[in-house]
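Novice: Here is how the chains run, residue by residue.
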Amino acid sequence: MNQEFSAEEYISQILERIEKVDDKINAFIIVDSNGALEKARLIDKKVRNGEHAKDVGSLAGVAIGIKDNICTKGLRTTCASKMLQDYVPPYDATVIKKLKDDGAIVVGKLNLDEFAMGSTTEFSMYGSTRNPWNTSYVPGGSSGGSGASVAASECAISLGSDTGGSVRCPASFCSVVGLKPTYGRVSRFGLISYANSLEQIGPIGKTVSDVVMVMNSISGMDNNDQTTVDGETPKYSLQSNGNIRVGLLKEMVEGADPEISKCVYSAMDLFSNLGCRCEETSMKSIEYALASYYTIAMAESSSNLARYDNIRYGFDLSPDNYECNAYFAKVRSNFGQEVKRRIITGSYVLSSGYYGKYYLKAQKVRAILKQEIVSLLKTFDVLIGPTMPVLPFKFGEKIDDPLKMYMIDIDTVVANLTGIPSISIPAGFSKNLPIGLQIMAGEFQEQILFNAALLFESSANVQRSPDL
Amino acid sequence: MVSRDEIKHLGWLSRLELTEEEISKYALQIEKIIGYLDKLDSISLSEIEPIRSKKNISELRKDRIQPFKGDPLLSSKYRKDGFIKGPRLS
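If you read the sequences in order, they're chains A and B.
For the first sequence, position 414 matches number 414 in this note's numbering, and the numbering has no gaps at all.
For the second sequence, position 8 matches number 8 in this note's numbering, and the numbering has no gaps at all.
None of these hints come from the bench; they were simulated from the model.
Given the structure is predicted, the values throughout are model-derived calculations rather than measurements.
The C-beta atom is built at its ideal place from N, Cα and C for all residues, glycine as well.
Heads up, some of the hints might be wrong.
Label-pair ranges, simulated between beta-carbon atoms [to be verified]:
1. B:Lys39 x A:Ser375: 17 to 27 Å
2. B:Thr19 x A:Tyr265: 48 to 58 Å
3. A:Glu287 x B:Lys69: 44 to 54 Å
4. B:Ile65 x A:Ser352: 33 to 43 Å
5. A:Pro90 x B:Leu60: 17 to 27 Å
6. A:Glu323 x B:Lys69: 30 to 40 Å
7. B:Glu49 x A:Asn134: 44 to 54 Å
8. A:Pro90 x B:Leu28: 38 to 48 Å
9. B:Glu49 x A:Asp257: 32 to 42 Å
Away from chain B, derived, C-beta distances all over 12 Å, residues of chain A [said to hold, decoys possible]:
10. Ser12
11. Leu84
12. Pro89
13. Lys100
14. Tyr126
15. Asn216
16. Pro234
17. Ser285
18. Leu350
Chain B with its partners taken away, still in its complex shape (with noise of 0.2 Å):
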């Protein structure tokens, strides 16, 4: 069962403002996705290891400085002395 108050709890942690309505739809098409998911109950797995990565070490590059060409902040709208402004913290 997926409550009315999971999905608002969700809807916060995913930073999603969520109408009432949403809140209801996605109370009800959430739990039918999530009952589907409840399938991988029905297989015995745990003799199995998940599947990892091919590469199992990171690999890193050499650590080269590759100057960007253009405006990486070209598309970001509120702009003051060089800076993007973003909303205060608190």
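So here's chain A without its partners, still in its complex pose (with noise of 0.2 Å):
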């Protein structure tokens, strides 16, 4: 940041790209022009004042764009879902919190799937979010706008939120970076829960070194998240070696559109050149994966979303002359598609005499592809597959068809059951369309994620910004 730029300029001309390209994205839910130039405004006073780098913040003035799903103090967070159309949060987020410490600037709110439920975006009250590359073509999901808005330069950086892999999958769509750090790396308090032993916050960029910047600020324990780890926080760093060995799992790229598996081949052999040891290796267990994931999703999804009666937050419907029962049915029927199916799901597999026979399972099956995967990370550094298994797709395409549309997240599952990081970074295009490259790493080894992921980025050198 210098005097010859200013924050202001930054900003006004961050808002004038949405208000020019969000038309065709409809990336945003709320766009907060005045807060964001306001904020800009007192950043330029403290620069003017001679203030040091460090107090303005490591990310003073610095665009960034939050999924709908995180409370912003003041400013509307509706889960794109008409149960929280009119919820203004009284506090921040402790991330929110964290980058505004920072000097990073909410310029607004991104569309998702309603309550962070999809991988398209498809379900969300406010219309789809499109493609920038393709805008025929879903952006992926569930943090669709967080990977759109990126991609289309209407912000730096966002943060999403990812259960099952709602981070990588809009990533890999919209040729971005993204990631879901380990459970436990990056406080909740403030994320309205989805399936809370699988969900973390995790940043969106357009390079490895701008999602890196951002976990800087908001990794850490949290009093407010007992799940969140004690312990020093990590400052993490740019570095990248060759000396990093590589596991290419099979399984995902068996399971892959053709062209998908060429080009996480091609990804190995740039990391076997650049003097990486590279080696195919196989995780049975990944045929589980999905099953046991929408078991748990959907059984938490259950619970998490019973607290919404309309009562303390919500729409315009009065309580006067109803039964309780009879209100809470009604106004919760208002509630989407996908969620309801998922609600009613997760309460038939949590029903007495299907415990044992679902949820029970699906934790050991969990417990499986921990052991398997901790197995695997002593022999790897890394592990890399493709992170989705298909191209980006028409819109309408899989909505109608539920159990086509789960089996997309095959490969993003993994990592959120077993805990571990896992970052996608852009691979290359097939039909003009992006192609997102996964790895994985070690819990609480997102430093070794960054190296594989900086190293290979540095010699791919994959197109980020599509024509608008």
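Fit chain to chain and form the complex, with the hints in mind.
Specialist: See the structure below:
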């Protein structure tokens, strides 16, 4: 930041960009123009008054977009749902507080599948977000707004949340970088819960270094989230060296579109050429990951969404003259189709007589996956595969067949079930549509993940900015 | 087989008022989804302990009062004399 280029000028340009392209993309639910400009002027004032760079913050003036399931004080947070259409949080999520303390400027709230349930952003009450590379195609989901806004240069970086791939899927479909951190690395306080044993907030940026910069701001222990881990918060650095042991997960490439598999094999060749020791390897329990994931996610969603009774926050329907159960059933019928489907399926797998058949087994499969991944990560520093088994597809293609839609999460859910960090980085294009490479590492080994991603990124040089 | 009656009952347990059309649609779709989840039956799990949270005991923080600044009930629409109004209990 210097005085020749002010934060106010930069934020004004960002706002102009949003004005110009967001009609086509529909990434934003709310743009906070006044709030953002006010913050920018404050930073400019600090700089003019001669404050040191460290006092204005490591992210001073950087425009950030926030997925609309993360609470922002005084700024409506809707989860793209009628059930929260008027909800104005009285507090900031821990990640928001940290980003603001470091000088980042929240420019607005980003579109998502309702309550983060979906893989295409088609399940939003605000309409679908469109893929900036081809607006007839889905941008991925559920953090579709977070992926598309960064690709379309409507903000520098964004936050999403990743329960079964919801950061990495749109990162892959929009040719940007997206990270799901280790479970417990980033506070979930202020993230509106969907499946709390699986989800993490994660950053999206155009480059690995953007993502590292955000992680250095949002990581760390939080008294308000019991699952965050104690101990010193790491400072991640940008280093790339070729001394990495890379394992390619055979099951993931076998199940993918041939063009995508080809791209992942090329990525492995690139790692080899850069001095890494690469090998194909196998993870047999992957076959059961998706059934385990959907059992747990839906069970947790049915209990997490039980709180929406329209009394403390909600839309305008007077409770006068209603008996409570009738009132709750009536207002809750305003959840969208996918949310209702998951709540009911979740209630099914948790109902008496079925608990042992589904939920308990799913948790056991999770334990097997964990064992297998821990053992693989003794041999390899990182595991690679495709982020998504399919290329971005057209709107409406899978929306009427829930199971078909769920199947595309097959490669991303492994990291959520086992808690490990996973990143998606642009790896190439097929038919002018982006392909993402997924890299996974051991728990709390984000630094190794970044080293590998940076090494790949510096040699692969894949396009990040579509013409719009 | 997931019947329409089961969907109706689960809808009631989840406090979701469903239309006849939704009941029929969900019965078909959820049957397919559950059919897929039955894949969990095809793996031997009897020897396996289910995964547990890494923290074996609940950690409680010190019980210090931290007053909340702002209005926690900002978004509740029906309020009277500082209380929230809800539907009647019976």
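Novice: All the hints need checking, so say for each whether the structure fits it.
Specialist: Status of each hint after checking the structure:
{"no.": "1", "hint": "B:Lys39 x A:Ser375: 17 to 27 Å", "verdict": "holds (23 Å)"}
{"no.": "2", "hint": "B:Thr19 x A:Tyr265: 48 to 58 Å", "verdict": "holds (49 Å)"}
{"no.": "3", "hint": "A:Glu287 x B:Lys69: 44 to 54 Å", "verdict": "holds (51 Å)"}
{"no.": "4", "hint": "B:Ile65 x A:Ser352: 33 to 43 Å", "verdict": "holds (40 Å)"}
{"no.": "5", "hint": "A:Pro90 x B:Leu60: 17 to 27 Å", "verdict": "holds (25 Å)"}
{"no.": "6", "hint": "A:Glu323 x B:Lys69: 30 to 40 Å", "verdict": "holds (36 Å)"}
{"no.": "7", "hint": "B:Glu49 x A:Asn134: 44 to 54 Å", "verdict": "holds (47 Å)"}
{"no.": "8", "hint": "A:Pro90 x B:Leu28: 38 to 48 Å", "verdict": "holds (42 Å)"}
{"no.": "9", "hint": "B:Glu49 x A:Asp257: 32 to 42 Å", "verdict": "holds (37 Å)"}
{"no.": "10", "hint": "Ser12", "verdict": "holds (30 Å)"}
{"no.": "11", "hint": "Leu84", "verdict": "violated (8 Å)"}
{"no.": "12", "hint": "Pro89", "verdict": "violated (8 Å)"}
{"no.": "13", "hint": "Lys100", "verdict": "holds (15 Å)"}
{"no.": "14", "hint": "Tyr126", "verdict": "holds (18 Å)"}
{"no.": "15", "hint": "Asn216", "verdict": "holds (24 Å)"}
{"no.": "16", "hint": "Pro234", "verdict": "holds (18 Å)"}
{"no.": "17", "hint": "Ser285", "verdict": "violated (8 Å)"}
{"no.": "18", "hint": "Leu350", "verdict": "violated (9 Å)"}
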